[in-house]
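Asks: Using the sequences and the accompanying hints, generate a full structural model.
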Amino acid sequence: MTKAEIITRIYEKVGFSKKDATDVVEATFDIIKGCLEKGDKVKISGFGNFVVNTKRPRKGRNPQTGDEIIIDGRKVLTFKASQIMKKSLNTMGSSSAIGAPDAPASE
Amino acid sequence: MTKRDLIDEVNKRFPHLSRRDSEVIINAIFDSMVDALAGGDRIEIRGFGSFVVKNRRARQGRNPKSGALVSVAAKRVPFFKVGKELRLRVDGKPYDPDLDGED
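Just so you know, the protein sequences line up as chains A and B, in that order. By the working numbering, the letter at position 85 of the first sequence is numbered 85, and the numbering carries on one by one without gaps. When you read off a place in the second sequence, starting at 1, and then add 107, the result is the number in the working numbering.
In case anyone wonders, no lab produced these hints; they're calculated from the structure.
In the DSSO-like style, the derived pairs of lysine-lysine whose C-alpha atoms are separated by at most 30 Å in a straight line are:
(1) Lys110(B) to Lys3(A)
(2) Lys80(A) to Lys191(B)
(3) Lys3(A) to Lys19(A)
(4) Lys38(A) to Lys19(A)
(5) Lys19(A) to Lys110(B)
(6) Lys182(B) to Lys172(B)
(7) Lys182(B) to Lys3(A)
(8) Lys13(A) to Lys161(B)
(9) Lys3(A) to Lys161(B)
(10) Lys19(A) to Lys188(B)
(11) Lys80(A) to Lys119(B)
(12) Lys188(B) to Lys43(A)
(13) Lys43(A) to Lys55(A)
Replies: Written out as C-alpha cells, the structure reads:
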C-alpha cells in the first residue's frame, strides 16, 4: 500500500473529494514528521507510538578491517505498535498465514 | 502529540473542512493502514517509512518468574522501518530531496 492507495480508499469509501483526501493525507504525514523532527513523540491511539530515542556514542569495529572506530551518538526513531494493531494482525485478514513463518523467531 | 492534537493541527490547515471531517479522514488513514497490514500487505510512505508484518513461528518459552515451560503460539508482528528523509531529519541532519536517489 502506498500513500496514493490510502488517498484512493478515502475518497472512494469515506466520500470526500480527491483533493480533500490528498490534502489531508499529505498534511497528516507532514505534521507527524515535523513533530518528530522536533523530538516530540507522536501517539496515535489504536495504531501505535512514534518515539525519538537518543543513542550515546559508542565504540565499534569496522568488521572488514577490525579497526576500532567511534560510532557517534545520534537520534533514532522507533515505532511501537499498539495492542489493538497487534490484535488485528492476529485475528482479521488471512488468518491462515499466521502459522506460516517467514523469519526465524530469534530474529 | 496525540491523535487529537494531530486532528486539530490538520484541521487548522483546511478551514473549509469541519473538525469532524478531519477526524473522519485521519481515522480512515490509520484504519486503512491497519487493514492493509492485517491483509498481509506492506505499506510504503515515501519520505516517512515502511511498515511490514513478520511471521513468528510457535515456540516454547518460559515464564521468567516461575521458570515453567509455556508454549507461545505463532503470531504476526508489525515492524516499522524509518525512511531516509525522516531518519535524517530526526537526527538533525540536512536533507536535500534533489540529491536523494532512494528512500
